[in-house]
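**Student:** Sequence:
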Amino acid sequence: MSDNQNLLAGQRRALILDEVRRRGGIRVSELTRMLRVSDMTVRRDLDVLARQGALEKVHGGAVPVAERRTHEPGFEAKSSLELSAKSEIARAAAALAGPGGAVALSGGTTTFALAHELLQVPDLTVVTNSVRVADVFHHAQQAGEGGREPGGAAAVVLTGGVRTPSDALVGPVADAAIASLHFDVLFLGVHGISVEAGLSTPNLAEAETNRHFIRSARRVVVVADHTKWGTTGLSSFASLDEVDTLVTDAGLPRADREEIAAHLAELIIAGEPEAPSR
Numbered sequence: 001m002s003d004n005q006n007l008l009a010g011q012r013r014a015l016i017l018d019e020v021r022r023r024g025g026i027r028v029s030e031l032t033r034m035l036r037v038s039d040m041t042v043r044r045d046l047d048v049l050a051r052q053g054a055l056e057k058v059h060g061g062a063v064p065v066a067e068r069r070t071h072e073p074g075f076e077a078k079s080s081l082e083l084s085a086k087s088e089i090a091r092a093a094a095a096l097a098g099p100g101g102a103v104a105l106s107g108g109t110t111t112f113a114l115a116h117e118l119l120q121v122p123d124l125t126v127v128t129n130s131v132r133v134a135d136v137f138h139h140a141q142q143a144g145e146g147g148r149e150p151g152g153a154a155a156v157v158l159t160g161g162v163r164t165p166s167d168a169l170v171g172p173v174a175d176a177a178i179a180s181l182h183f184d185v186l187f188l189g190v191h192g193i194s195v196e197a198g199l200s201t202p203n204l205a206e207a208e209t210n211r212h213f214i215r216s217a218r219r220v221v222v223v224a225d226h227t228k229w230g231t232t233g234l235s236s237f238a239s240l241d242e243v244d245t246l247v248t249d250a251g252l253p254r255a256d257r258e259e260i261a262a263h264l265a266e267l268i269i270a271g272e273p274e275a276p277s278r
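Following full-length UniProt numbering, the residues of the sequence shown are numbered contiguously, the last one being 278.
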């Protein structure tokens, strides 16, 4: 990796997390050689990632966190994971939103990336329970992003509710607001997805809010990078047959793609010339 010495800190830490997850653990000495940075730089990166709860430091290196089904990482901890995959997923998913449509975005770092892409789609009505997603549109409108006239900017509805560690608003207030609305497309981020458990989250209140989102949507599009496949949270809130489209990235193994395609109407692999679908 000859160019890794020039990586930004966030990119470097994302690579470290990928290696820890893929190999089940890695030593500091291996990371210094792989990334071509100093021992001190690697240790600082590990300190940051450990404080975020993304990995566990051990003598001489790091190992994955033994994640409980109830563990819900914070937004900042998740935001440094699979950055390029989330960007590709966001670009592919944005093509599914037509001008003038009513779309809903759930909480999550992938829907946050998608919000930036949706800034280019005119006259959207956006309903979200994500404080972060709402801020994307608010800041763009304040800055006049894209040079659009005010009429072409998105109208944003932020539900009320109780804030989760991932900066989503959930609970009865959010549920009541969502239940009274109807969306052309729901873009849904998930903690985990599998054939057995369907879509799942570690947060019970968020599971119920997501159920209301799904009931109010004409089309359900799940946006999830390949690491979410096979992960299961505490509470399942939908089966795979309630999902119309899954947009994921090219890191998903071929065998998993075939398994997903057997259970979903449409599978889009972002970043590939032709997206496999059924």
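Quick caveat, the hints were computed from the structure, so don't treat them as lab data.
Take the hints with a grain of salt, since some may be wrong.
Said to hold, decoys possible - Pairs of lysine to any residue residues, derived as SDA-like cross-links and limited to a Cα-Cα distance of at most 20 Å, are as follows:
hint : residue 1 : residue 2
1    : Lys57     : Pro99
2    : Lys57     : Arg23
3    : Lys57     : Ser29
**Student:** Could you run down the list of hints and mark each one as holding or not?
**Tutor:** Do the hints match the structure? See the list:
The hinted pair formed by lysine 57 and proline 99 fails the criterion: a straight-line CA distance of about 47 Å is larger than 20 Å. With a C-alpha separation of about 15 Å, the suggested pair lysine 57 and arginine 23 falls inside the 20 Å cut-off, and the hint holds. As the CA atoms of lysine 57 and serine 29 are separated by approximately 14 Å, the hinted pair is consistent with the 20 Å bound.
The structure is inconsistent with hint 1 alone, although it conforms to all the rest.
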